[in-house]
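So in the numbering used here, the last spot in the sequence shown is 64, and the numbers never skip.
Since the hints were made in silico from the structure, they are not lab data. Even for Gly, the Cβ is constructed at its ideal location relative to N, Cα and C. The reader is advised that the hints may include incorrect statements.
Unchecked claim - The calculated label-pair distances, taken between Cβ atoms and stated as ranges, are:
1) ALA62 / VAL7: 28 to 34 Å
2) LEU14 / SER45: 26 to 32 Å
3) ASP44 / GLY9: 23 to 29 Å
4) ALA62 / ARG34: 27 to 33 Å
5) ASP8 / ILE42: 28 to 34 Å
6) THR57 / ILE6: 22 to 28 Å
7) LEU33 / THR4: 31 to 37 Å
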Amino acid sequence: KGKTSIVDGQSIDLGIFVKSILTGGAASRDNRLRPNDQILVINDSSLINISNLEAATILHEAVR
Numbered sequence: 001k002g003k004t005s006i007v008d009g010q011s012i013d014l015g016i017f018v019k020s021i022l023t024g025g026a027a028s029r030d031n032r033l034r035p036n037d038q039i040l041v042i043n044d045s046s047l048i049n050i051s052n053l054e055a056a057t058i059l060h061e062a063v064r
């Protein structure tokens, strides 16, 4: 889930965070991700200092 904050009346993207883990799913079996963890990298693509929209695009491309 993308988090944002309002600073000086403008929406600022804070990053992509894990909302929940599906029991029995790959992330659950891997046992490294936890709810509220921030996703920093997907398949060697950094999510740091990019918009939530750009990060969502990278995530969607990764699961294709």
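Now for the hints, and whether the structure bears them out:
Between ALA62 and VAL7 the CB atoms are about 29 Å apart, so this pair conforms to the stated range of 28 to 34 Å. Separation of LEU14 from SER45 is about 18 Å and departs from the stated range, judged on CB atoms against 26 to 32 Å. For ASP44 paired with GLY9, a C-beta distance near 36 Å fails the hint of 23 to 29 Å. Between ALA62 and ARG34 the beta carbons are some 20 Å apart, a value that contradicts the proposed interval 27 to 33 Å.
The hint said 28 to 34 Å for the Cβ distance between ASP8 and ILE42, and at roughly 30 Å that hint holds. Distance hint check for THR57 and ILE6: the Cβ-Cβ separation is about 23 Å, which falls inside the suggested range of 22 to 28 Å. At roughly 21 Å, the beta carbons of LEU33 and THR4 sit outside the given window of 31 to 37 Å.
The structure does not agree with the numbered hints 2, 3, 4 and 7 stated previously, though it agrees with the rest.
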